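Engineer: Sequences and hints are given; from them, build the entire structure.
Quick mapping for you: the protein sequence lines, in order, are chains H and P.
With my numbering, the residue at position 5 of the first sequence is 5, and numbering never jumps.
Here my numbering = 1-based position in the second sequence + 1000.
For the record, the hints were derived by calculation from the structure and aren't laboratory data.
For clarity, every value in this text was computed on a predicted model and none was experimentally measured.
Only true hints are included.
Listed next, the stretches of chain H that the computed footprint assigns to chain P, with coverage defined by at least 3 CB atoms under 8 Å from CB atoms of chain P:
1. 14-25
2. 37-43
3. 47-55
4. 83-94
27 Å max Cα-Cα, derived DSSO-like pairs, lysine-lysine:
5. P:Lys-1024 with P:Lys-1087
6. P:Lys-1087 with H:Lys-85
7. H:Lys-26 with H:Lys-85
8. H:Lys-26 with P:Lys-1024
9. P:Lys-1024 with H:Lys-85
10. P:Lys-1087 with H:Lys-26
Just so you know, even glycine gets a beta-carbon here, dropped at the ideal spot from N, CA and C.
Now for the letters of each chain:
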Amino acid sequence: MNLDTVSLIFGTGLFFIGMAGVLIRKNAVVVLMCIELILNGVNLTFVTFSHIHGNLAGQIAGLFVIVVAAAEAAVGLAIIIAVFKRRASTNINEFNVLRW
Amino acid sequence: MVIFLSVLFTLVGLTSAVFVVTNKSPMNGALFLIVTLFTVAANYVLLTAEFLAAVQIIVYAGAIMVLIIFVVQLIGFQPVKDSILQKQTPFALVVVSLVFVQIAFFTLRSLPELTSEAPLAEQTLDHAASFSRILFTKYLVPFEIASVLLLVAIIGTVLLAQHKGIRE
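Structural biologist: Here is the structure:
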């Protein structure tokens, strides 16, 4: 049990807790926060393998993941607000116009 | 000492991540998410990724969380009629745990060979300098593409936020 193993466990745990949250929650904002959890888990795994191999490429990948996460959060929250203006709800089960 | 701190941050981070998923109010969930982001940043420091830890705190715990909390406050607390969880929750949890068992099994089996490679030359001495040297030489094209992505995200957000952006 060394630092790398603990960090890998942390990253994997974050990924699966976020994955469960995306699948089971109804509130769209909470689903977006769970996506952030998933991205953080992946990022931590990238940085851990960067530390294991002494190679900075993993940290560069982590930086790009953070950039994409920022863009995704901004657009996702804008979509949630635009939908909320029309439907007055954040329950993703009610966003079903494009379903069938 | 380092391992003790890492285990501590892992326990705190995973616990608050569980609270993000299980908490009824999105506001409390957002506050727990900030705790998780800070523990991840602390783990970055332990893994000698100081620059990424700073970026994590500034961009994630600063910018993104302010945005999320702003939206939560703007929308307000939506009282839920029955349950905050979907009705296929047990099935989803079974699927998640199956995938977890599978990944944990293969990771643990290959962990010795994953971690046995000897580290390359010591790069921690001048961390930010070597990080940016690689970022602006070898990874220059992805860096430029990331800037285009941010521009697209800005334009898309402005369009979505306009009143006439969504057609009736």
